[in-house]
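Asker: The primary structure of each chain is shown beneath.
There are 2 protein chains.
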Amino acid sequence: MKPFAKSTVAVVGLGLMGASMAWRLRADEAVGQVWGVVHRQETGQKALERGIVDTVVSWEDALSADALVLATPVRVIIEQLRALAVAPHLPDLVVDLGSTKREIVRAMGALPKGTLAVGGHPMCGKETSGIDSADPELYQGCRFVVVPTRRSTPEAVDWVRSLARALGTNPVEMEAERHDSLVAAISHLPYLASAALMSTVDTLAHEDDAALDLAAGGFRDTSRLAASNVTMMLDILMTNRDAVLKMVGSYREHLDALSDALASGDESRLADLLSRIRRARMLWAERKAQGGS
Amino acid sequence: MKPFAKSTVAVVGLGLMGASMAWRLRADEAVGQVWGVVHRQETGQKALERGIVDTVVSWEDALSADALVLATPVRVIIEQLRALAVAPHLPDLVVDLGSTKREIVRAMGALPKGTLAVGGHPMCGKETSGIDSADPELYQGCRFVVVPTRRSTPEAVDWVRSLARALGTNPVEMEAERHDSLVAAISHLPYLASAALMSTVDTLAHEDDAALDLAAGGFRDTSRLAASNVTMMLDILMTNRDAVLKMVGSYREHLDALSDALASGDESRLADLLSRIRRARMLWAERKAQGGS
Chain A
539 MKPFAKSTVA VVGLGLMGAS MAWRLRADEA VGQVWGVVHR QETGQKALER
589 GIVDTVVSWE DALSADALVL ATPVRVIIEQ LRALAVAPHL PDLVVDLGST
639 KREIVRAMGA LPKGTLAVGG HPMCGKETSG IDSADPELYQ GCRFVVVPTR
689 RSTPEAVDWV RSLARALGTN PVEMEAERHD SLVAAISHLP YLASAALMST
739 VDTLAHEDDA ALDLAAGGFR DTSRLAASNV TMMLDILMTN RDAVLKMVGS
789 YREHLDALSD ALASGDESRL ADLLSRIRRA RMLWAERKAQ GGS
Chain B
539 MKPFAKSTVA VVGLGLMGAS MAWRLRADEA VGQVWGVVHR QETGQKALER
589 GIVDTVVSWE DALSADALVL ATPVRVIIEQ LRALAVAPHL PDLVVDLGST
639 KREIVRAMGA LPKGTLAVGG HPMCGKETSG IDSADPELYQ GCRFVVVPTR
689 RSTPEAVDWV RSLARALGTN PVEMEAERHD SLVAAISHLP YLASAALMST
739 VDTLAHEDDA ALDLAAGGFR DTSRLAASNV TMMLDILMTN RDAVLKMVGS
789 YREHLDALSD ALASGDESRL ADLLSRIRRA RMLWAERKAQ GGS
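Each protein sequence line maps, in turn, to chains A and B.
For the first sequence, the residue numbers in the working numbering are 539 to 831.
For the second sequence, the residue numbers in the working numbering are 539 to 831.
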């Protein structure tokens, strides 16, 4: 396959992640050409007008690119991989940006032998979506998880590492199963915790609207993820169900430990738990500030 | 009592809230004089050097101010009110900035007849604390809950409304019980939810450190409150225990509704719940953006 810097890269799906990636690659002239594949014509027009891609092509034409980057929701990626498995012609390399990896990696394993495929997951995002939220700096400083598949070679993995670095991210390689367990804790659980909070307060607000009137900064941050795109989150939750449910179970236990200490009036135990948690949060923030993102 | 603009105001406790308030009042020349009462000499020096107060006085001398604003943690406020109840001399008006109001308002009710006392709770803050985090703009645009007590008169409530407006906040009056139920949901529950999340992820990180390494923006926001000052939060939780435990119970039910829908694979039910929650979050954000803070 061609070296990264000379590759024609077709990005399938110009939503937040795909458009931000295409934009960055094109702005930096990091690759040969950047093509976009869109679902809605309007998105293609915006991508061309804003210089996000060199050209907009059909799905069929995209198959003649050197590398195809699938930047659609997880279950659309899986469908696209199934379509690729029976396509007459394939690009050298298929990569994806899906937020869960086990089912995608399994579908990649079913691609024809000789096709290269590597899973990817950039650990960044926003609670807004779509090309209008795209930002060539979106990826800067994030971690980019690179997930090998049955169709990966060291050369293909290196190509994806180059992509990760071109976006300004820090690549880290791991197996799909491990990735999915970790993101269940740090990404999917926070979403459900945030949604449950919003749901609790909204229900209370039906009795007393002042709840929403008085809610301020702490509530804003803790409930922010509840505004995430539902289609995207359903795809994530449904393809990572077991790991997510396990983490919700663990979260319940940690919440119970706190509320039991409060209910029993055991203040020194509560102080102990909360101090330990605070220290962990501060250490994490320091580590991130030191560029350990 | 003197009109607000001519009052000498003694702020007891120059932490984040007290120092930010004193600074704003002094910078705007909103009142006659601003005095500070501090626990540690170093804080008093900083307050004078930075022009946060006109002068630093002892607790005893502060009692000759026109109004005393107690800006210490909740249970310290309660102790101070008990000390005031037996003090030989009292200011005309006692106000507090405590985050829970029921126990404080009860202690205010035990002040000598003739003393005026009104509860206050500005709905703003940061997860950092202390005079070094103080900011004269901290209060701008927040709600300021004004809580009447057995020792309130319309004149005293008006004085506190003037204080709230001088700080750039929007005053709203309500009873202590209602206040405490609402903040249990919008402030104390988010803190515990955030702490439980940090605790869950930190425990997982003992098995696989990559959890903390990959954690990004969503985790950052949802876990932010876990870094709150523990002494302050213990005071809040212990003086609002029943309301907080009730809200944690409600939160558990809302979380269970989401995880049950996921566990059963009932995707349309899950989609329905998440869409409704997302809509509520977006409506709230719009309302806040339109100045409804």
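Take these hints with a grain of salt, some might be off.
Just so you know, same-sequence chains aren't split out, so a pair can sit in one copy or run between any two.
As the list claims (entries may be wrong) - The calculated DMTMM-like cross-link candidates involving lysine to aspartate or glutamate, where the alpha carbons are at most 25 Å apart (straight line), are:
#1 584 <-> 715
#2 784 <-> 580
#3 784 <-> 798
#4 584 <-> 630
#5 544 <-> 805
#6 784 <-> 599
#7 784 <-> 751
#8 540 <-> 580
#9 784 <-> 598
#10 544 <-> 759
#11 784 <-> 746
#12 664 <-> 824
#13 540 <-> 791
#14 544 <-> 693
#15 784 <-> 641
#16 784 <-> 587
#17 784 <-> 604
#18 664 <-> 759
FYI, nobody ran anything at the bench for these hints, they're computed from the structure.
Asker: Does each hint fit the structure? Answer for all of them.
Answerer: Verification of the hints:
{"no.": "1", "hint": "584 <-> 715", "result": "neither (37 Å within a copy, 53 Å between copies)"}
{"no.": "2", "hint": "784 <-> 580", "result": "neither (41 Å within a copy, 49 Å between copies)"}
{"no.": "3", "hint": "784 <-> 798", "result": "both (21 Å within a copy, 12 Å between copies)"}
{"no.": "4", "hint": "584 <-> 630", "result": "neither (28 Å within a copy, 65 Å between copies)"}
{"no.": "5", "hint": "544 <-> 805", "result": "neither (63 Å within a copy, 43 Å between copies)"}
{"no.": "6", "hint": "784 <-> 599", "result": "neither (42 Å within a copy, 59 Å between copies)"}
{"no.": "7", "hint": "784 <-> 751", "result": "between (35 Å within a copy, 20 Å between copies)"}
{"no.": "8", "hint": "540 <-> 580", "result": "neither (32 Å within a copy, 65 Å between copies)"}
{"no.": "9", "hint": "784 <-> 598", "result": "neither (40 Å within a copy, 57 Å between copies)"}
{"no.": "10", "hint": "544 <-> 759", "result": "neither (42 Å within a copy, 39 Å between copies)"}
{"no.": "11", "hint": "784 <-> 746", "result": "between (34 Å within a copy, 16 Å between copies)"}
{"no.": "12", "hint": "664 <-> 824", "result": "both (22 Å within a copy, 17 Å between copies)"}
{"no.": "13", "hint": "540 <-> 791", "result": "neither (51 Å within a copy, 54 Å between copies)"}
{"no.": "14", "hint": "544 <-> 693", "result": "within (15 Å within a copy, 77 Å between copies)"}
{"no.": "15", "hint": "784 <-> 641", "result": "within (18 Å within a copy, 40 Å between copies)"}
{"no.": "16", "hint": "784 <-> 587", "result": "neither (45 Å within a copy, 54 Å between copies)"}
{"no.": "17", "hint": "784 <-> 604", "result": "neither (39 Å within a copy, 58 Å between copies)"}
{"no.": "18", "hint": "664 <-> 759", "result": "both (13 Å within a copy, 11 Å between copies)"}
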